[in-house]
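Participant: Chain residues, written in single-letter form:
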Amino acid sequence: MNIGYFPGCSLTGTSKEYDMSLREVLAALDVRLDEIADWSCCGASSAHVTNHLLSVALPARNLQLAKEQGMAEVMAPCAACYNRLVSAQHEIATRPELKGRVEYVLEQKIDGAVTVLNIIELFQRIGTDAIAAKKTLDLDGMTVACYYGCLLVRPAALLGFDDAEQPQSMEALIAATGAKTVDWNFKTECCGAAHSIARTDIVVDLSKKILDDARAHGADAVIVACPMCHSNLDMRQRKMKNAADGHADIPVLYLTELIGLALGIEHKKLGLDLHFINPGPLLARAARKEVAA
Amino acid sequence: MHHAHPHTFSDDIAELTGQDPSLCYQCGKCSAGCPVRAYTESPPNRVVRYVQLGFDDEALASQTPWLCAGCMTCSTRCPKEFDLAAFMDAVRQLGIARGVKPPVADMRSFHESFLSQIESHGRAYELGLVFSYKMASLHLMQDVDVAPEMFLKGKIGVFPHNVRNTDAMKNIFRRAAEVKE
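As you go down the protein sequences, you meet chains A and B in turn. Heads up, this note's numbering is the position in the first sequence plus 96, with the first residue counted as 1. Just so we're aligned: 94 in this note's numbering is position 96 of the second sequence, and the numbers increase by one with no gaps anywhere.
FYI, nobody ran anything at the bench for these hints, they're computed from the structure. The structure displayed is predicted, hence computed values, not measured ones. Do not rely on the hints blindly, as some may be mistaken.
[Stated by the list, open to error] Below, computed lysine-lysine pairings styled on DSSO-like, alpha-carbon distance capped at 30 Å:
| # | chain 1 | residue 1 | chain 2 | residue 2 |
| --- | --- | --- | --- | --- |
| 1 | B | K168 | A | K304 |
| 2 | A | K163 | A | K205 |
| 3 | B | K132 | A | K335 |
| 4 | B | K27 | B | K78 |
| 5 | B | K168 | A | K112 |
| 6 | B | K99 | A | K205 |
| 7 | A | K195 | A | K163 |
| 8 | A | K230 | A | K205 |
| 9 | A | K305 | B | K151 |
| 10 | B | K168 | A | K163 |
| 11 | A | K163 | B | K178 |
| 12 | A | K231 | B | K151 |
| 13 | A | K337 | B | K132 |
| 14 | B | K151 | A | K337 |
| 15 | B | K151 | A | K112 |
| 16 | A | K112 | B | K132 |
| 17 | B | K178 | A | K195 |
| 18 | A | K304 | A | K335 |
| 19 | B | K168 | B | K132 |
| 20 | B | K151 | A | K304 |
| 21 | B | K78 | A | K195 |
| 22 | A | K337 | A | K305 |
| 23 | A | K205 | B | K168 |
| 24 | A | K335 | B | K151 |
| 25 | A | K335 | A | K195 |
| 26 | A | K304 | B | K132 |
[Stated by the list, open to error] Here are a few chain A residues that face chain B, going by a calculated C-beta distance under 8 Å:
| # | residue |
| --- | --- |
| 27 | D134 |
| 28 | G223 |
| 29 | K304 |
Positions of the beta carbon are idealized from the N, C-alpha and C atoms, including for glycine.
Work out the full structure, taking the sequences as your base and the hints as a guide.
Facilitator: This is the structure:
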């Protein structure tokens, strides 16, 4: 299977382990990524705050490149990029006057459509049977909380992906790895998103509530599919130690890293050494059981 | 668009978002689920009320649109299907267009620093963003607890990733700024 790939800025820097693990896992599952040549930032999460037209034009530039490069489908692993690409395409399709303005800004005609997938949709298409067939390690010693955050599931009517309040698609995929998943309350609560730098206090508060609820429901790791969620939940644990009620570290893994573990891919190749909260002790404890040949 | 009444701030928002703020009947469900409600002076539905009643200055002075994280919990739960997140975006955009002093200065510094990297390079450039934000906000000690480790892990790009034609990116920003929506 071939699929268009829009990495987005985070995957080239602050969350490069998401890109590393994604490439490793998809190669193991015989999926080829065709990266959009000369892609640019989608503008999330700043363009829509300051200039509506820019917030539509930046994603539109990338969708147009994908079409010119012969791609019918593009997968965006970052939840914010995925959301912006889908939203922009929808706005252009439903507001003709806006389409004209975007064409003016980009100095080119916009035509056709591209199907935009998130990472979970791509794994759904690959299928849990294919993942289970390539599994070399059963993760049944691990209990995880699937965290969707905001932009993968909202607005549900536009994204047409999963339920906005009680999504289950990640749990269904993770079942193929053998890991257990918990029922919990904060799977779609906001982590504070792009406030990480300008209002770190808000991000630390919101993210701590999410991690506390995951732990209270028996999870020993949180699984995410968004680089902003990851940096807020992982990196900001440093500042949670100052909280009045204390804080115990809990590892935060990308969905691709968890699947990569089940496929027996080396930890370093999955970038598991690049997190702030070291998942090593958990992995040593949980992921020992090899699948019988 | 033709109106029987003088053009209002509410009309500006309707034109930007494609939805009329008078749709909101003030049930407050948005505010009940808002993750940043505890950090701001007004619940989201009050900002909508300001706009409905023509209190433009109060709406533009509120911290709420600037602290909105864009999580869309409100938009998803609204019984009138009013997209509050798009409304908050529009209030911010109009405040900037009118030259209103941003109620949460650091948020604006962050967004402008981020966008200036995209305008220059086409992609986010972490080191440039950090310098630009620190100079604009004067929070020079921001993130000294995690920055060295980010650096060692290779997560802060030392060099920018440029698109092929950086002049074309600058043109996109210039043209988007000159069009009146």
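Participant: Tell me the hint numbers this structure goes against, listed in increasing order.
Facilitator: Of the numbered hints given earlier, those the structure breaks are 1, 6, 8, 25, 28 and 29, listed in rising order.
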